[in-house]
Amino acid sequence: METVQIGQPVPDFTLQAAGGATFSLSQLRGRKVVIYFYPTDDTPTCTDEACSFRDYNGQFEEWNTTVIGISPDDVASHDKFAAKYELPFVLLSDPDLAVCHLFDVWKQKKLYGREYMGVVRSTFLIDEKGVLAKEWRNIRVKGHVDKVLQAVIAI
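Everything in the sequence shown is counted per full-length UniProt numbering, starting at 1 for the first residue and increasing by one.
Quick caveat, the hints were computed from the structure, so don't treat them as lab data. One or more of the hints may lead you astray.
[Stated by the list, open to error] DSBU-like, lysine-lysine: derived pairs with alpha carbons at most 35 Å apart:
1) LYS109 / LYS147
2) LYS110 / LYS142
3) LYS134 / LYS84
4) LYS80 / LYS134
5) LYS109 / LYS129
6) LYS107 / LYS142
7) LYS147 / LYS84
8) LYS84 / LYS109
9) LYS107 / LYS147
10) LYS80 / LYS107
11) LYS142 / LYS80
[Said to hold, decoys possible] Cβ-Cβ distance ranges computed for the label pairs, FRET-style:
12) ALA98 / ASN64: 23 to 29 Å
13) PRO44 / ASP12: 31 to 37 Å
14) PRO44 / GLY19: 22 to 28 Å
15) ASP55 / PRO11: 29 to 35 Å
16) CYS51 / ILE153: 20 to 26 Å
Idealized CB from N, CA, C, for every residue including glycine.
With the sequences and hints as input, model every part of the structure.
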């Protein structure tokens, strides 16, 4: 499967959601969708990012926008993470990395001289017709969610 490109329709995908339900992107046709990819549940930076999206969730809803978080963590981990921080949006589990590869966020990373494969923190905005409108790659959490909200309002 090729990777998504700005201006092109995002292929439908189906993943397991926190709570055990199955979720497909096509369920949200007619709404804007913000998908943010993060490395792992309940780590400091990933928690800051999730809580920022949580705190802005009502504003995204006002603009007909659904927020979704995706990581390779399993559903049980997502359940605990969502409950602990009262996350009001869907967390999806991508253990086979199919959607991570679709969005090209599974990359070689380096930390303290050690190289490893992992999710590069990235966010994608899909319009109501299912077309990729904007992307942010290798983001810094501080101020990021506000930039995403401004992009939602602009389209």
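These are the hints, each one checked on the structure:
no.	hint	in the structure
1	LYS109 / LYS147	25 Å, holds
2	LYS110 / LYS142	21 Å, holds
3	LYS134 / LYS84	30 Å, holds
4	LYS80 / LYS134	30 Å, holds
5	LYS109 / LYS129	33 Å, holds
6	LYS107 / LYS142	22 Å, holds
7	LYS147 / LYS84	26 Å, holds
8	LYS84 / LYS109	28 Å, holds
9	LYS107 / LYS147	24 Å, holds
10	LYS80 / LYS107	26 Å, holds
11	LYS142 / LYS80	24 Å, holds
12	ALA98 / ASN64: 23 to 29 Å	27 Å, holds
13	PRO44 / ASP12: 31 to 37 Å	33 Å, holds
14	PRO44 / GLY19: 22 to 28 Å	25 Å, holds
15	ASP55 / PRO11: 29 to 35 Å	31 Å, holds
16	CYS51 / ILE153: 20 to 26 Å	21 Å, holds
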